[in-house]
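So the chains spell out like this:
Protein chains: 2
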Amino acid sequence: MKVIDWNRLDEAARTESLRRPVQKRQNEIASEVARLIEQVRADGDATLRALTRRFDGVELGVIEVAEAEFESATAQLPADLRAAIDEAYTRIRAFHIAAVPQNLRVETAPGVVCERITRAIPTVGLYVPAGSAPLPSTALMLGVPAEIAGSDAVLCSPPQADGRVEPSVLYAARRCGIRRVFKLGGAQAIAAMAYGTESVPRCDKIFGPGNAWVTAAKLLVAADSEGAAIDLPAGPSEVLVIADDTASPRFVAADLLSQAEHGPDSQVLLLSTSAAIVAAVQQELALQLAALPRATIANLALDNSRIIEVDSVETAIAISNRYAPEHLILSVRDARRCLASVRSAGSVFLGNYAPESVGDYCSGTNHVLPTYGAARAYSGVSVQSFLTFITVQELSVAGLAGIGPCAMRLAQAEGLQAHANAVAVRLEARP
Amino acid sequence: MKVIDWNRLDEAARTESLRRPVQKRQNEIASEVARLIEQVRADGDATLRALTRRFDGVELGVIEVAEAEFESATAQLPADLRAAIDEAYTRIRAFHIAAVPQNLRVETAPGVVCERITRAIPTVGLYVPAGSAPLPSTALMLGVPAEIAGSDAVLCSPPQADGRVEPSVLYAARRCGIRRVFKLGGAQAIAAMAYGTESVPRCDKIFGPGNAWVTAAKLLVAADSEGAAIDLPAGPSEVLVIADDTASPRFVAADLLSQAEHGPDSQVLLLSTSAAIVAAVQQELALQLAALPRATIANLALDNSRIIEVDSVETAIAISNRYAPEHLILSVRDARRCLASVRSAGSVFLGNYAPESVGDYCSGTNHVLPTYGAARAYSGVSVQSFLTFITVQELSVAGLAGIGPCAMRLAQAEGLQAHANAVAVRLEARP
Numbered sequence: 001m002k003v004i005d006w007n008r009l010d011e012a013a014r015t016e017s018l019r020r021p022v023q024k025r026q027n028e029i030a031s032e033v034a035r036l037i038e039q040v041r042a043d044g045d046a047t048l049r050a051l052t053r054r055f056d057g058v059e060l061g062v063i064e065v066a067e068a069e070f071e072s073a074t075a076q077l078p079a080d081l082r083a084a085i086d087e088a089y090t091r092i093r094a095f096h097i098a099a100v101p102q103n104l105r106v107e108t109a110p111g112v113v114c115e116r117i118t119r120a121i122p123t124v125g126l127y128v129p130a131g132s133a134p135l136p137s138t139a140l141m142l143g144v145p146a147e148i149a150g151s152d153a154v155l156c157s158p159p160q161a162d163g164r165v166e167p168s169v170l171y172a173a174r175r176c177g178i179r180r181v182f183k184l185g186g187a188q189a190i191a192a193m194a195y196g197t198e199s200v201p202r203c204d205k206i207f208g209p210g211n212a213w214v215t216a217a218k219l220l221v222a223a224d225s226e227g228a229a230i231d232l233p234a235g236p237s238e239v240l241v242i243a244d245d246t247a248s249p250r251f252v253a254a255d256l257l258s259q260a261e262h263g264p265d266s267q268v269l270l271l272s273t274s275a276a277i278v279a280a281v282q283q284e285l286a287l288q289l290a291a292l293p294r295a296t297i298a299n300l301a302l303d304n305s306r307i308i309e310v311d312s313v314e315t316a317i318a319i320s321n322r323y324a325p326e327h328l329i330l331s332v333r334d335a336r337r338c339l340a341s342v343r344s345a346g347s348v349f350l351g352n353y354a355p356e357s358v359g360d361y362c363s364g365t366n367h368v369l370p371t372y373g374a375a376r377a378y379s380g381v382s383v384q385s386f387l388t389f390i391t392v393q394e395l396s397v398a399g400l401a402g403i404g405p406c407a408m409r410l411a412q413a414e415g416l417q418a419h420a421n422a423v424a425v426r427l428e429a430r431p
Numbered sequence: 001m002k003v004i005d006w007n008r009l010d011e012a013a014r015t016e017s018l019r020r021p022v023q024k025r026q027n028e029i030a031s032e033v034a035r036l037i038e039q040v041r042a043d044g045d046a047t048l049r050a051l052t053r054r055f056d057g058v059e060l061g062v063i064e065v066a067e068a069e070f071e072s073a074t075a076q077l078p079a080d081l082r083a084a085i086d087e088a089y090t091r092i093r094a095f096h097i098a099a100v101p102q103n104l105r106v107e108t109a110p111g112v113v114c115e116r117i118t119r120a121i122p123t124v125g126l127y128v129p130a131g132s133a134p135l136p137s138t139a140l141m142l143g144v145p146a147e148i149a150g151s152d153a154v155l156c157s158p159p160q161a162d163g164r165v166e167p168s169v170l171y172a173a174r175r176c177g178i179r180r181v182f183k184l185g186g187a188q189a190i191a192a193m194a195y196g197t198e199s200v201p202r203c204d205k206i207f208g209p210g211n212a213w214v215t216a217a218k219l220l221v222a223a224d225s226e227g228a229a230i231d232l233p234a235g236p237s238e239v240l241v242i243a244d245d246t247a248s249p250r251f252v253a254a255d256l257l258s259q260a261e262h263g264p265d266s267q268v269l270l271l272s273t274s275a276a277i278v279a280a281v282q283q284e285l286a287l288q289l290a291a292l293p294r295a296t297i298a299n300l301a302l303d304n305s306r307i308i309e310v311d312s313v314e315t316a317i318a319i320s321n322r323y324a325p326e327h328l329i330l331s332v333r334d335a336r337r338c339l340a341s342v343r344s345a346g347s348v349f350l351g352n353y354a355p356e357s358v359g360d361y362c363s364g365t366n367h368v369l370p371t372y373g374a375a376r377a378y379s380g381v382s383v384q385s386f387l388t389f390i391t392v393q394e395l396s397v398a399g400l401a402g403i404g405p406c407a408m409r410l411a412q413a414e415g416l417q418a419h420a421n422a423v424a425v426r427l428e429a430r431p
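In the order they appear, the protein sequences are chains D and S. Quick note on the working numbering: the first sequence kicks off at 1 and runs consecutively. Quick note on the working numbering: the second sequence kicks off at 1 and runs consecutively.
One chain only, chain D, in its complex shape (with noise of 0.2 Å):
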């Protein structure tokens, strides 16, 4: 990993350091995937077992996953994988089930109620990618608040060579309660679920984490009004550690790997105070890369990565806030008094004994989380993700009386004449 002093570099050459990956290609996948919506949505299922020959190289017959799929699944997954997805999914729904809005009523004038009520969004689509290994922690990540909320859940995830779903996924989503998957991956499936097919119901939001080409299909879309929103946009996971001379280059080390094995895209930052730490980290990467199945993969991140030393622990937050990362690891003295300058992040780890990859499967947080960025301005995926708040406002005949002028006024000054009109008709037949 490059190491770099902050100090040393001008506005630019920061911006520089803080840029991520470029992603390649961006226009011409959304053109690809731009054309291939328009071919589900054209021919439906047909083009969904064409596009799944091509891909994914299978021979689709019916696109539904059979009961005796799930069974099948859950007799052939190991006891001790249900076991940890049963552990994990109890976890996740004690945090989620916290984060349920109540419903919220404000009497702001007398005889003025107004209230917010909750509603589960009506249908929503689960994405599981599959890529270079299953995840059917991803299957609990989405299954789980969606579950909780009380929204009619369908998932679409990759087939196998065999033509199946991998076993994990279908296990965690019957945990779930997800009766209805999907043999699907890639913008085929994202296309199917945004507008129906004769097999797949219509989804009015759709969700998860993807290739370039499902995070493309996602937000085309997401805007198109006859199409279906979406959760977040997604683009290659990443973490920033920052750590002072109290962390562990041990641990440092083995945190900046578990992001760095993703895939070749993910970007590892390390923001350091202490120079010993950053020599220690880099000798601890090299002997950990070269146990990991992955290497290839972790090296090839790595050189997307850095490392920058910081005079200070707040000089760090603050670099954090501008980089605002999906996952943000405080390997700090005092972390949690930290936490309080942290402004923009998907998800914090506190201290020496937060890993990422216990938020990733089991701590209770949900995985699904903004990257690239996003951090400033969406949150990650949470009960309410897959709930629409409503407005209800009940007035009685003195509560017009009380505020109607003030909308009559402000109608008038909007030169709205009809708007004042429906105030003045119900005044004028006051009983």
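Worth flagging that the hints you see were computed from the coordinates, not collected in a lab. By construction, the Cβ of each residue, glycine as well, lies at the ideal position given by its N, Cα and C atoms. Some clues are possibly wrong.
[What the hints assert, rightly or not] Some chain D residues well away from chain S (every beta-carbon gap over 10 Å; in silico):
id	residue
1	A12
2	E28
3	E67
4	F70
5	S199
6	D360
7	E394
[Unchecked claim] Chain S regions said to be covered by chain D (calculated; three or more residues, Cβ under 8 Å):
id	stretch
8	95-104
9	360-366
10	371-383
[As the list claims (entries may be wrong)] Okay, the calculated bits of chain D under chain S, using three or more residues with CB under 8 Å as the criterion:
id	stretch
11	92-98
12	115-122
13	251-263
Following the hints, complete the assembly by docking chain S onto the known chain D.
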């Protein structure tokens, strides 16, 4: 308005009867807007000046509103209008502040503390259209929640022919603590806030309604990872009224017209169980329409609109859930009981004394609401729209020892060895 009997329609005709007015030239507008955004990104303020000359016919000097303009706006505004803005501000604030989310803390396992903290989105851009009338109410609806959240807010609104921003908008903005207002309208205002120029700060999220060009610009910047997040995909305004035989035809007609006067592409729907009410509403519409200054606009909107006769209020609510209206007025016996069946809507008005216009101005709820069916998956603007949630985890050594094996088992199943290592190195090093 066209009258339709729901029971006589087949499924295709039902879908057709709930179709919104087609958004014309969407692709063409998107291409134009994309070029305009590129110009703003390339040439900043110079482009903003050129586009304002072209579209608003105004020669901009300094783009930002000067302190003296705020002062003269306050001075020239009638005292009763200032009072109405102040009154609306107070009630909107009272309702919105109740919705500030609390921090959460859950110990999901012994020694594993998960939290959710909230932060204001650092910089937000508010767009207040001008069009046919000034909209101080929109400045309040965006400014109040931004102020409560604690975001740094800037506001753009098109200059009038005299080169000034409408005084009531300036007064409302300052009432919400907004210090920076820019004389910019249309897609160029959105581009300026999304990417920043010499004068306009770059914003993390952009809020507010607007015409087709503004909406196209918002969708484009939201799809760009270098752009900005947005509040909602906005479309033409709409209301759906459900009226049984307890409704007042006069009130219902006034409500339909208050929506219809917004613009020729507004849509109003009346669903009624009572043929007598339907006939009486039509008579009232003709009477009230004749007296409206914006009768021409309202008439065009009514051409897009429909009265649907239904056999029960339950059927009407099912139709409403399918349509997912921005505004839903329940002028029915026991409206509150019916509310329980409402699944998708922006804001709901219960009974005969809650006209939509109180929600537009001063009941306390927000009037920036999801249109065009977006209420199925989106909520109106609230304080939360200006906040991000950050999750936090802090583990004791014993806490990690407790949940670490679960994370390691799942990491192994997903083929992510470095994720497992990040736990393992800590458990091996346990003090």
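Here's how the hints hold up against the structure:
1. A12/D, annotated as away from the interface, keeps every beta carbon of chain S farther than 10 Å; the closest lies near 16 Å.
2. Against the 10 Å criterion, E28/D stays outside the reach of chain S, whose nearest CB is about 15 Å from its own CB.
3. Once the 10 Å rule is applied to beta carbons, E67/D is consistent with being away from chain S; the minimum gap is 23 Å.
4. For F70/D, the condition that its CB be more than 10 Å from all CB atoms of chain S holds, with the nearest at approximately 18 Å.
5. Residue-level check passed: S199/D sits 19 Å from the nearest beta carbon of chain S, beyond 10 Å.
6. With a minimum CB-CB distance of about 6 Å to chain S, D360/D fails to clear the 10 Å threshold, and the non-interface call is violated.
7. Taking the minimum C-beta to C-beta distance to chain S, about 4 Å, the non-interface status of E394/D is violated against the 10 Å cut.
8. Residue count for the stretch 95-104 of chain S with a Cβ under 8 Å from a Cβ of chain D: 5. That meets the three needed, and the coverage hint holds.
9. Three residues within the 8 Å Cβ limit are the bar, and the stretch 360-366 of chain S against chain D gives 7, so the coverage statement holds.
10. Check result for the stretch 371-383 of chain S against chain D: holds, 10 residues qualifying (beta carbon to beta carbon below 8 Å, three or more required).
11. Residue count for the stretch 92-98 of chain D with a Cβ under 8 Å from a Cβ of chain S: 3. That meets the three needed, and the coverage hint holds.
12. Residues of the stretch 115-122 of chain D with a Cβ under 8 Å from some Cβ of chain S number 5, which satisfies the need for three, so the listed coverage holds.
13. Figure legend: the stretch 251-263 of chain D, annotated as covered by chain S; annotation consistent (8 residues with Cβ-Cβ distances under 8 Å, at least 3 required).
When each numbered hint is compared with the structure, violations occur for hints 6 and 7.
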